[in-house]
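In order, the protein sequence lines correspond to chains H and P.
Position 104 (the first sequence) corresponds to 104 in our numbering; numbering is contiguous.
Position 48 (the second sequence) corresponds to 48 in our numbering; numbering is contiguous.
The set of hints was computed from the structure by calculation and includes no laboratory data.
Beta carbons are placed, not taken as given, at the ideal position from N, Cα and C, and that holds for glycine.
Where hints are given, some of them may not hold.
As the list claims (entries may be wrong) - Pulled a few chain H residues facing chain P out of the computed Cβ check, cut under 8 Å: (1) 50; (2) 143; (3) 159; (4) 201; (5) 202; (6) 206; (7) 216; (8) 235; (9) 248; (10) 256; (11) 269.
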Amino acid sequence: MDASERIQAASKFLLQSPPGEINDVLNDVRNIISDDASLQEGVLPALQEYNLAQFIVADVPGSGHQSIVSDAAQLEGEEGEERFWDPRSRTSFRFDHLSLEASDSKPVEADNESEPFRAALESSTLTYLAAHFHDGVASVFSKTGSSTEFTIQIVANKYNPSNFWAGRWRSEYIVDLAGKKVAGKILVNVHYYEQGNVQLETKHTISFPLPPTISVSSPNTSNSKILALIEDEEGKFQTALNDVYHEMSEKTFKGLRRALPLTRQKLDWDKVMGYKLGAELSASNKGVFGGNGS
Amino acid sequence: MGDLVDSMLDLMRRLPPTHVEENVAALVGICPDYADDLLGSVDQPLKLRTDRSTGREYLACDYNRDGESYRSPWSNEYEPPLDDGTVPTPRLRQLEIKANEAFDTYREMYYEGGVSSVFLWDLDDGGFAGVVLLKKALVPTTPTEPSGSWDSIHVFEAAERGRQAHYKLTSTIMLQLVTRSNSDSPPDNGPFKKAAPEPVGSGSGARKEGEVSLSGSMTRQTEQDWPLQNQESHIANTGRMIEEMEIKMRNLLQEVYFGKTRDVVFDLRSIESLERARRQRELQKELVGFIKR
Chain H
1 MDASERIQAA SKFLLQSPPG EINDVLNDVR NIISDDASLQ EGVLPALQEY
51 NLAQFIVADV PGSGHQSIVS DAAQLEGEEG EERFWDPRSR TSFRFDHLSL
101 EASDSKPVEA DNESEPFRAA LESSTLTYLA AHFHDGVASV FSKTGSSTEF
151 TIQIVANKYN PSNFWAGRWR SEYIVDLAGK KVAGKILVNV HYYEQGNVQL
201 ETKHTISFPL PPTISVSSPN TSNSKILALI EDEEGKFQTA LNDVYHEMSE
251 KTFKGLRRAL PLTRQKLDWD KVMGYKLGAE LSASNKGVFG GNGS
Chain P
1 MGDLVDSMLD LMRRLPPTHV EENVAALVGI CPDYADDLLG SVDQPLKLRT
51 DRSTGREYLA CDYNRDGESY RSPWSNEYEP PLDDGTVPTP RLRQLEIKAN
101 EAFDTYREMY YEGGVSSVFL WDLDDGGFAG VVLLKKALVP TTPTEPSGSW
151 DSIHVFEAAE RGRQAHYKLT STIMLQLVTR SNSDSPPDNG PFKKAAPEPV
201 GSGSGARKEG EVSLSGSMTR QTEQDWPLQN QESHIANTGR MIEEMEIKMR
251 NLLQEVYFGK TRDVVFDLRS IESLERARRQ RELQKELVGF IKR
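Taking the hints into account, I'd like the entire structure generated from these sequences.
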């Protein structure tokens, strides 16, 4: 493999990192590639792609809250400068994809037309977040140049390296007021790695229509209705996941290997051997084990 | 450079088990000098092959591989054929034949299907080693039925000590379960109202598509001494050890796959409102305080 192929392989490894383990994967990759100079530059795009796709959170400078760094948060900066937007604090910041630190905060002027609805949606989302997620972070973005499209993003992480497990919940909903519909996805990843490597990965996409009463002109009632629908869908997803767990455990797992044979007893290995041994004994070498008095 | 192999193994312990083959291939591409170390230490899903002379299926892995060819436990032949392929000594081959018969019975009793293969090889110190492989896959009959596969790899070393034998066993089980679902849940109209217009409202007209995948592997080791009456005792001894290990690991897999990973999901998000739960706890505390008074 030449240098660029090695960087490409390293990038692929990074993009597969389980929740909260990107630094462990990066350390392994550094050892394996053992070329820090080219690695540092080379894997930066992969780190950025990973952070955006995984809804990595940033401590928004001076705000006391966290916001999600994602495609929806990306601002078109001047001269190719990458900045992320936190509508809640009305600021933007620079984000270091390696250290995961936010810096250089600047005010962002809100769009008068979409801001009232966005702010109300954000407030409902934060209430919903507190009601169902233990360590969740949510961001609500309005779409540039549109006053009828909003993106809700939610992420919850639990990292427990001392007990060898980690988990991440991501969900995203694109609220389209003009089209009267919501398109969403829920992605859950769990990694359990005590003397093994077991991973749960779920991909779930949903779309549902919005009731006709929902409109930009009634931000407060509309938004609590939207979040009630989302709450319902996420609850249904979790219940369905429970059913899938049950079916996999009761049907598939049992169908692969029985806990005990039909006899409800462990094998009698002397007998298992005996069949073959017996057949062989009578066929050829009588007297080796069974011979008495010859 | 043991350090490097450690890093590769740590990496494989973290990356998704569903991509183990392509990730191992990528690592071999980066560090071709360590290919043998890596292929010998990272378990990959067993491959099904068919013995050309007997028509029987067997399992292929790194332990019955010589170059690009794999040895069948049924005919003892390599496919593609090799003139100088490594085979066990005639004495060990006799034991290997019997071990394959015994574990085939074991497979039928526990798996009620699937394929098994046992391979033995001589060790330089006079002992021998072997691998017992078992694989079963469930192919769904409908698109929404879960699919699953189970691969067992039991590697052991046997050292005879007079009338006793000492065994070292390393067992890995790879388990993969996948469920796909797809629902265009139309409004619940009942059979006679098919033509009714779709009402727009909560919960109706929702479209969902999903996939749940639980996959991975777990490894455990054990060392035991067993009495030795004759050569065949090795089969019964390793048989009991492997049976015990599979029972233990099956319980462990059940606990991790369907218990631990599920608990993490419900730890991330609670179906019940946390606010309501908090209020209930406070109410309870108040009540307890009230009773104590």
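A quick look at each hint next to the structure:
1. 50: 13 Å, violated
2. 143: The hint is violated - residue 143/H has no Cβ within 8 Å of chain P, the shortest such distance being about 22 Å.
3. 159: This hint is violated: residue 159/H lies away from chain P, its Cβ roughly 11 Å from the closest one there, beyond 8 Å.
4. 201: Holds - the Cβ of residue 201/H comes within 8 Å of chain P, reaching about 5 Å at its closest.
5. 202: Since chain P brings a Cβ to about 5 Å from residue 202/H, closer than 8 Å, the hint holds.
6. 206: Because about 5 Å separates residue 206/H from the closest Cβ in chain P, which is inside the 8 Å limit, the hint holds.
7. 216: For residue 216/H, the interface hint is violated, since the closest Cβ of chain P sits about 18 Å away, which is over 8 Å.
8. 235: For residue 235/H, the interface hint holds, since the closest Cβ of chain P sits about 5 Å away, which is under 8 Å.
9. 248: Result: holds, 5 Å to nearest chain P Cβ.
10. 256: 4 Å, holds
11. 269: 4 Å, holds
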